[in-house]
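Undergrad: Protein chains in written order, with numbering that gives the first Met the number 0: chain F, 0 to 381; chain B, 0 to 71.
In short, the hints are calculated from the structure, not lab data.
Hints may contain errors.
[What the hints assert, rightly or not] Each computed EDC-like pair below joins lysine to aspartate or glutamate, with the alpha-carbon atoms no more than 20 Å apart:
| # | chain 1 | residue 1 | chain 2 | residue 2 |
| --- | --- | --- | --- | --- |
| 1 | B | K22 | F | E48 |
| 2 | B | K62 | F | E51 |
| 3 | B | K62 | F | E52 |
| 4 | B | K22 | F | E52 |
| 5 | B | K22 | F | D61 |
| 6 | B | K59 | F | D61 |
| 7 | B | K59 | F | E51 |
| 8 | B | K28 | F | D183 |
| 9 | F | K266 | F | E367 |
| 10 | B | K62 | F | E48 |
| 11 | B | K18 | F | E51 |
| 12 | B | K22 | F | E51 |
| 13 | B | K18 | F | E41 |
| 14 | B | K18 | F | D61 |
| 15 | B | K62 | F | D216 |
| 16 | B | K26 | F | E41 |
| 17 | B | K18 | F | E48 |
| 18 | F | K266 | F | E236 |
| 19 | B | K62 | F | D61 |
| 20 | B | K18 | F | E52 |
| 21 | B | K22 | F | E41 |
| 22 | B | K28 | F | E48 |
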Amino acid sequence: MIYLDNAATSWPKPPEVLKAMTDSLERSGGNPGRSGHRLSIEAAMVVYETREEIASFFNSGDSMGVIFTSNATHALNLAIYGTLRPGDRVVTTSMEHNSVMRPLRDLEKKGVGLKVVPCARDGTLDLSEMAKAITPGTRLVVSVFASNVVGTIMPIAEIASIAHKAGALLLVDAAQAAGALPIDMQEMGIDLLAFTGHKALLGAPGSGGLVVRSGVDTSGITPLMRGGTGSQSELEEHPHFLPDKFESGTPNLVGIASLQAGIRWLKQRGIDAIRWQEKELTHELLEGLCNIPGTKTYGTLDPERCVAIVSFTAEGKTVSEIGLRLDEEHDVLVRVGLHCAPAAHRTIGSFPQGTVRLAPGVFTTRDEVHAAVKAIATVVSS
Amino acid sequence: MNYGIVLFHTTASAMQAQKLLTKAGLKGKLVPTPRQFSSDCGIALRFDWEQREQVESSLKSGKVDIAAVHRL
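Okay, chain F solo, but in the shape it has when bound:
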């Protein structure tokens, strides 16, 4: 079987990740930070050390600003609903996933001014358009780091500088980028970074977070939920300090442990080595596809400017037919359709039929990519 759906969730996971998950239940199975006995403290230490690991991995400068959530969608909702009030203005791109677009469209109905900056057909952003859209007084700018449809990488540092000049906060959706690209929040000027644990960070589904850069004022950001935090238990009001302000209820210890192991595994392998390997595989895929008559490939077609995500369509074939035949006849697993990102598909010109998306991962080999291209050629030509 050839798994080319790592943009949906990475598979397989390193054995170290699976071990960390069972260890977290076997050895440190208490409720983190609630009870004060040894198993509770062991569990709290796993959670805390993962905060440190994440703060260092993204260079956010403060482990207290690492907020665990159940996925990137949860983190994005927390940041978006926590920050924006009726009358505020928010700017985003036309390449966003619905985890950004749906909260913003909802808030637009409730009196938030929304400007969606159109991107080019290859998914790239014109910074001068962005600069025109980010007027003084804009409260928030939201941008995807790398598109989940075509992999196109956004100029995040440049967007940050424009946003900050206007006094806006920058929220980045790093669902595809975290673990696939080096991310330095302080150097790039990312104020809030939403990530998921189960894609390129190699953790389990149900893990993720919102990282607040050191020095960012969170007093104006309201929590999505309120409840038990293991702190200020004598009060019926919710605490205002991080991370407790944005974390209520028993956290996903198993998922957090998997995230820690995933990040440690990535650090050992080296993010630059992984990036190099994924660029190679992307190049092989793009080259293979352009030799198949009748196919159309979307995006920049340049492995330097995208993460390992390739989208294509084929003349006379629906994407669902291609996906099903790749699975049933060739054991190649891909994702077809709109990838929860209708705006991005409108931008690249593949709405409403969608595309076939190929997403190699850290465990994908060149041989697998070549076999997949051969299978695609067979399916498309028959």
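We have chain F already, so just place chain B on it with the hints.
TA: Frame of chain F; chain B shown alone:
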């Protein structure tokens, strides 16, 4: 044994403090916050009162957010 206790706002700070003390070779144990103290966070750090100065300076240099320090 004479003990002191450090109280924190959040569990995350208690964990951070424990790690710093271990690294500095100081004795410290995370315990449920004694009920006589207004508890900010349910977990507190117990230490040898004799090492109070080293403990406090170690936590200060690690920029740990502390709610209070008491003698037990």
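Undergrad: Against each hint, give a clear statement of whether it holds in the structure.
TA: Structure-based check of each hint:
no., hint, result
1, B/K22 x F/E48, "14 Å, holds"
2, B/K62 x F/E51, "14 Å, holds"
3, B/K62 x F/E52, "17 Å, holds"
4, B/K22 x F/E52, "17 Å, holds"
5, B/K22 x F/D61, "19 Å, holds"
6, B/K59 x F/D61, "15 Å, holds"
7, B/K59 x F/E51, "18 Å, holds"
8, B/K28 x F/D183, "34 Å, violated"
9, F/K266 x F/E367, "25 Å, violated"
10, B/K62 x F/E48, "16 Å, holds"
11, B/K18 x F/E51, "11 Å, holds"
12, B/K22 x F/E51, "15 Å, holds"
13, B/K18 x F/E41, "12 Å, holds"
14, B/K18 x F/D61, "16 Å, holds"
15, B/K62 x F/D216, "18 Å, holds"
16, B/K26 x F/E41, "17 Å, holds"
17, B/K18 x F/E48, "9 Å, holds"
18, F/K266 x F/E236, "40 Å, violated"
19, B/K62 x F/D61, "10 Å, holds"
20, B/K18 x F/E52, "14 Å, holds"
21, B/K22 x F/E41, "17 Å, holds"
22, B/K28 x F/E48, "17 Å, holds"
Violated hints, listed in ascending order, are 8, 9, 18; each of the other numbered hints is respected by the structure.
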